[in-house]
Amino acid sequence: MPISEQHVGRRYPPTAPYEVSAAKIGEFARALGDDSSAYSGAAPIAPPTFVMVIAADAWSSLFDDAELELALRRVVHADQRFDYVRPLRAGDRVSAVLSIDKVRVRGEVDIIGVSVQVATVDGEPVCNASSTFYHSHEPAGAPA
Amino acid sequence: MSGNALEVGTTLPPLTVQLTRADLVRYAGASGDFNPIHWSDRAATALGLPGVLAHGMLTMGVALRVVTDWIGDPTRVLSYSTRFTKPVVVPDDDAGAAVTFSGTVTAVDGDLATVTIDAVCADQKVLGATRVEVRHGG
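Chains as they are written, first to last, in our numbering: chain P, 167 to 310; chain C, 51 to 188.
So that you can see chain P by itself, here it is in the shape it has in the complex:
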C-alpha cells in the first residue's frame, strides 16, 4: 500500500550512533565557506545546519521503507526547519529518530511531513529537524 494518511505517527528505530568529529565539523564549515572561529580550535561546535548530516541518515528509514513505495528520484525536498536545544559539539555521540507527522495525497503528489529528533546516545535532546517532501507518482505507462 503506498504512503497514505494511515502512516502518520509511524516512528522508525534510532539511527546508528554517529560521533561528531572536529575534522568533519571543519570540513562542513569549509564547504559553507564559513571561517567562524566557533567551528575550529580545541572544542569546536558544528555549524547549525550540520544537523542535516545526521537527519539525512534518518531520512533513509523513510525512503527505504518498501511499504511506502517512495522513489527517491521523484522526491523533492520542499522545506526545512531546525529547532535547536543546543549546538552539536565535537565528541558528541548522537542518533536520530524519524517520525511521519503528516501525509496529504494531492492528485499525483504526496506531501509528506517528517520530523527527526536528534539526541545524544545518553538521551539528551539536541535538535528537531522537520522537513516536507513532495513525492510525485510515477506517470502512467512510464518505465519503472
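It is worth saying that the hints were derived from the structure and are not from the lab. Treat the hints with caution; some may be incorrect.
Restricting the straight-line Cα-Cα distance to at most 30 angstroms, the calculated cross-link-like pairs of lysine-lysine (BS3-like) are [stated by the list, open to error]:
| id | chain 1 | residue 1 | chain 2 | residue 2 |
| --- | --- | --- | --- | --- |
| 1 | C | Lys175 | P | Lys268 |
| 2 | P | Lys190 | C | Lys136 |
| 3 | C | Lys136 | P | Lys268 |
| 4 | C | Lys175 | C | Lys136 |
Since this is a predicted model, take the numbers as computed values, not measurements.
Assemble the complex: chain P is given as a structure, and chain C must be docked to it using the hints.
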C-alpha cells in the same frame, strides 16, 4: 552586533557567494549527499532539470552566515526554517552561480529576535519564508 540598538527593520550586512561546481562537490563530500543531480549534467538533464543544481541545504547553510556573521556566536541560533522555492542552477564554469543573501530584523520580543533572509540568484528568490530566531542578548 553588541552595543547596537536592535529594532524591527534593522538590516544585516548582505553576503554574495559564487557557487561553483567545486563548491557543490565539496558540500556533497562534507554532507554525504551524493545525489548526482548536484554534480552530473547527464543525471540532471535525464530528470528534466535545467542543469546541475546546488543542494538546497548548501544554499540554506550559506544563507545562515548572514546571521551568524552578524551575531558572532552561532549558539544564539534557536531555530531556522526555509522553503526551497527555486533551484540554483550551477553552470560548469569558473564563475558558477552568484547568490546574494540579505537579512532584515522582522520581529523583536525581549531577548529574542527574528531575522528574515532573502536569497536571490539570477533575479529570482531561491529561498522562501526564511526565518532565523536568535537570542540577541545585547
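Going down the list of hints, with the structure as the test:
{"no.": "1", "hint": "Lys175/C / Lys268/P", "result": "holds, 27 angstroms"}
{"no.": "2", "hint": "Lys190/P / Lys136/C", "result": "holds, 29 angstroms"}
{"no.": "3", "hint": "Lys136/C / Lys268/P", "result": "holds, 23 angstroms"}
{"no.": "4", "hint": "Lys175/C / Lys136/C", "result": "holds, 7 angstroms"}
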